[in-house]
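Protein chains in written order, with UniProt numbering: chain A, 1 to 624; chain B, 1 to 624.
Check each hint, because a few of them may be wrong.
The list cannot tell twin chains apart, which means a pair is met if one copy fits it or any two copies do.
Said to hold, decoys possible - No more than 27 Å apart at the CA atoms, straight line, and that leaves these computed lysine-lysine pairs for DSSO-like:
#1 Lys78 x Lys495
#2 Lys138 x Lys229
#3 Lys222 x Lys233
#4 Lys495 x Lys229
#5 Lys138 x Lys222
#6 Lys78 x Lys222
These are computed hints drawn from the structure, not numbers from a lab.
There are 2 protein chains.
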Amino acid sequence: MAVPEQTVPEQICGPAVPREGARRPLSVRDVRITGGPLARWQRTNREASIPLGLRQMERSGAVPNLRLAAGEAEGEFKGYRFQDSDLYKQLEAVAWEHARQPAPEYEEFVAESAALLARAQRPDGYLNSHYQVVKPGKIYAELEYSHEMYCAGHLFQAAVAGARAGTDGRLLDVARRFADHLVEVFLTGGDDGIDGHAEVETALVELYRLTGHRPYLELAGKLVDNRGKGLIKDSGMGMLYAQDHLPVREADTAVGHAVRQLYLEAGVVDLYLETGDESLLECSVRRWEDLVATKTSITGGHGSRHDGEAFGERYELPPDRAYNESCAAIASIHWNWRLLLATGHGRYADLIERTLYNAFAASTSADGVRFFYVNPLQRRSDLVEDAYLGRRREWFACACCPPNIMRLVSSLGHYLATAEPDGLAVHQYAEGRIVSGDVALRVETDYPWDGRIAVTVERAPGTEWSLRLRVPAWSASSSLTPGEDGYAVIRRAWKPGDTVELELDMTPRLVRAHRRVDALRGCAAVERGPLVYCFEQADQEAAVDDLALVPGAPLRVTPVDDLPGVGRTVLIQTDALAVTEPEGGLPYRTHHVATTTGVTATAIPYHQWDNRDGGPMRVWIPLA
Amino acid sequence: MAVPEQTVPEQICGPAVPREGARRPLSVRDVRITGGPLARWQRTNREASIPLGLRQMERSGAVPNLRLAAGEAEGEFKGYRFQDSDLYKQLEAVAWEHARQPAPEYEEFVAESAALLARAQRPDGYLNSHYQVVKPGKIYAELEYSHEMYCAGHLFQAAVAGARAGTDGRLLDVARRFADHLVEVFLTGGDDGIDGHAEVETALVELYRLTGHRPYLELAGKLVDNRGKGLIKDSGMGMLYAQDHLPVREADTAVGHAVRQLYLEAGVVDLYLETGDESLLECSVRRWEDLVATKTSITGGHGSRHDGEAFGERYELPPDRAYNESCAAIASIHWNWRLLLATGHGRYADLIERTLYNAFAASTSADGVRFFYVNPLQRRSDLVEDAYLGRRREWFACACCPPNIMRLVSSLGHYLATAEPDGLAVHQYAEGRIVSGDVALRVETDYPWDGRIAVTVERAPGTEWSLRLRVPAWSASSSLTPGEDGYAVIRRAWKPGDTVELELDMTPRLVRAHRRVDALRGCAAVERGPLVYCFEQADQEAAVDDLALVPGAPLRVTPVDDLPGVGRTVLIQTDALAVTEPEGGLPYRTHHVATTTGVTATAIPYHQWDNRDGGPMRVWIPLA
């Protein structure tokens, strides 16, 4: 049952579709999300975010730059050297959106973009508007910071998405011509360079998956093998920045630019999935374990430093200066999805859930037209230095995040379930319908606001098979008992109408950080279900920075249908103190005096913050 | 007595000598430091640091670049656009060193440098090897990041030092020609530009003080007035970076690049000292109060961010990522010295002391040949991302700090005492001799290891005058009672042989941070006298990161004559726990388990850290 072994991989419409393997992804067409926050994000994405993104393609220079490269316009190149990638990510978003629900209104944009890219592309297949227009003499000469292969990777992903979704086929021609050019130069041509910004590796594997053309896979392998051998220059940010300090199989810990490391990991696991090279999976899992234990925010965010957009040292997890770039959350979901496909272990699905509902979800405003680049866990009062990135913005000079967010939201359905050797696994819960081969399931739930999930079999082959339901590690108890891999397995000859209920423990949780996390000492955070909470000024009786939670005080849950600016939510309230200490003189003293007042502290889900007045916010609150 | 009113200011040999004012600095020749750490630093500076610095002038490109500018050599410009300033600071260090104790061995270096600079200087007075060699068409066209006036400022300070110390007089000719050129362009010529990196303002005031040439003072005033008006471009780092976001008199808080802000403040107070413009003093004091209360490390260090070498937001004071650039400590001492001259308030001398013995002193290794650029309050275990700046280094690609350190050490005597309208004030305590007019004092003390200071009058005019002795705010009690300004005043007709004893409270202190300093919650630090302590791995029975201090446990003081690698010190020991918590999985949990073992924790003065094995270090330790 489920996916037959002879499935042709390219017929599955979704990102990251291994050609073989025990676990098979489902098509975004076959996983429909009909209710809950994920459905709302998809609606807002289609109605507000993508139209905004399309307008920005012209304004930001992404499309005009290509007209310059095509020799069809005069003017100055606009933006960064990786400006093309914004268009590619936007095209990918549109493709998944079209697959999810046909979108004829995008047809013209996709067709015109594909045609323009074809005209801008050099006869030899090379395509990068920045280098063609601004630095034609420097092609492949500045790989340490050129982003040429990074941009190519996003082109390949957009083209694969377009092919799987059935949008304009010319994009795949453009992509393959560029990929063939990369193969000629970097695989068969003897150039041992790598791109300073990993991304093309995972994209080349996907292009191989779609086309079956092995040189793409071989090039991805060579690029991964060549990393950490000093084959490109230092971009000025150090060798760790681009993970070029150690060979991939030898590195024990994630370092440098977080997004680069995480895209690289996605490519490493992709290569494992296609080649079976265990050394690749081993090194990636080793880094995952270290990363999760010592360099991951409670929201699932990654990157503790603005400086170099980098991870930072082990246990360096400042809430205020957490970088947690939106793109890093996306790349982390990509990586964890591949680890889940490779291993079937629920810990990867757990981290996808945490990242999705917190670090990732916070990146977009409730109305879908403003975005965070940086997702800290605290906003101080009276921002001065941080004023620029302190609130969501419509767009950015470096706009890597918004179209990246859009492509993930459009393809969310892909990450909910997989066909398994013995049946079907549900990894993430949302109201909707899941079809896999001759199995169809209906999922009824008010998740994540409520912990009851009812899965009803609508169609089944009659033979015995297993339904695997993830029981999140955050749930202290549940109505179904999971195995060591985090999944409850129910095996039977399912009949239409059969229902399984899973009830998770939605009791709010007060959590504290490991004692080595210096920046969070003496503080606690509130979680409920998969949601991390935060204390935003708009909901408080006292200044957020004065709040101290009373240990042991009950956490009271209050559903709210429509909190102004925020929408539907569930508040958590608790007894707290407002503590003030006199200011003035050095803030270091042998004796401290403080004034305290009893107040109620109110928390909202972190992902809903910054939809009101832009006041201070804290995820981590001192304990009184 | 003391300094007669008719003193010609330029006869006082030292940096920052106002032409008028109640408080008069003393000559570095007249304040001799003979014992204690300050004397040792001066000896090491002369014997090890300065010789190293002189060698680096050739290696680093500073001198070779000027040969290119003079047309006397062929080759590539080496280093940063502000490379000239390294040489200027080195020349200033040599000048004060020569003033302190004649140094004929430097004569050739000074003479050759002055001659080379004169040959490199353009006929119109302009001098900057980078712009002359690399970008001759961009002179004054990139003021937002060119550092042209910044370099000029360091030239002026070197020339003033040379003139006061009596080294090669040609340097002053070069400086004046360049200053006259700046006056022509930026004062009388109508160019309203300012330098993105403040420094020339304080230097121009000094050049005015030496020469009496008012256009230098007027240009300094115009540059201060023009700041914050958007007259130069954004360097790409934002307007706050260069304090160009608000007019100087309107800004309430220190922002952006810390060294820039602090040099600017020195210039602002210098201008007040020469013009009496109260609005300048007021705004600088306002920012000082905010800075001290909310953006100052316990070591006196400034700058909480690597990103932009910036201050950060109020109460953002991370111990691990504290930037605390060595140059910022120096600039802070410059600023506080001027505030002390302007107001006579001991709080500025207190901060000078804290900065000098901690943030500044830590910048140099015990042997004087390695330097910190960044001075954090914590070094984690197993540094990966921070490996580069994690230990002191002999030199840096951007070597602003080492010669800056040397010029301050050579001129330390200048900051110990002032002639006052009614006598003499001693601000900092060190074994030595202080001469001011017809007064001579002998200071006997083992400070800062011991709190007893004996001041003996060796020479006195016979009339009644006041001896003012600073009683540091850290001293919980003392044998002399200070006034509100922090000074104990003893007025009498002093006779040779008269002695005053001041005894300060050297009981070790356990201090905690203001509750708004999130990064230090639940932690304590140890201080004794003016010294901040730290817990370095080499002295511990357990891992530094596992230590937790037992509240209320006694702090035991143990003098050590010669701790290997460190030298003379005073250890502080206390009862602690070694606490370990299992690692693995996300570091956020509802329940925590820990294993504890009783240990002794041992602290050494912070400024003596990193002279051994490079292991972890913490100033702030969790309380059990």
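Hint check:
For a Cα distance limit of 27 Å, the shortest separation of lysine 78 from lysine 495 qualifies neither inside one copy, at 59 Å, nor across copies, at 78 Å. For the homomeric pair lysine 138 and lysine 229, the shortest alpha-carbon distance inside one copy (22 Å) is at most 27 Å, but the shortest distance between copies (39 Å) is not. For the identical chains of this complex, lysine 222 and lysine 233 are intra-copy neighbours only, at 18 Å inside a copy versus 44 Å across copies, given an alpha-carbon limit of 27 Å. Proximity of lysine 495 to lysine 229 under the C-alpha cut-off of 27 Å is found in neither arrangement, the shortest distances being 56 Å within a copy and 75 Å between copies.
Within a single copy, lysine 138 and lysine 222 get their C-alpha atoms as close as 23 Å, which meets the 27 Å cut-off; across copies the closest is 44 Å, which misses it. Taking CA atoms no more than 27 Å apart as the test, lysine 78 paired with lysine 222 passes in neither setting, with 33 Å inside one copy and 36 Å between copies.
The structure shown violates the earlier hints numbered 1, 4 and 6.
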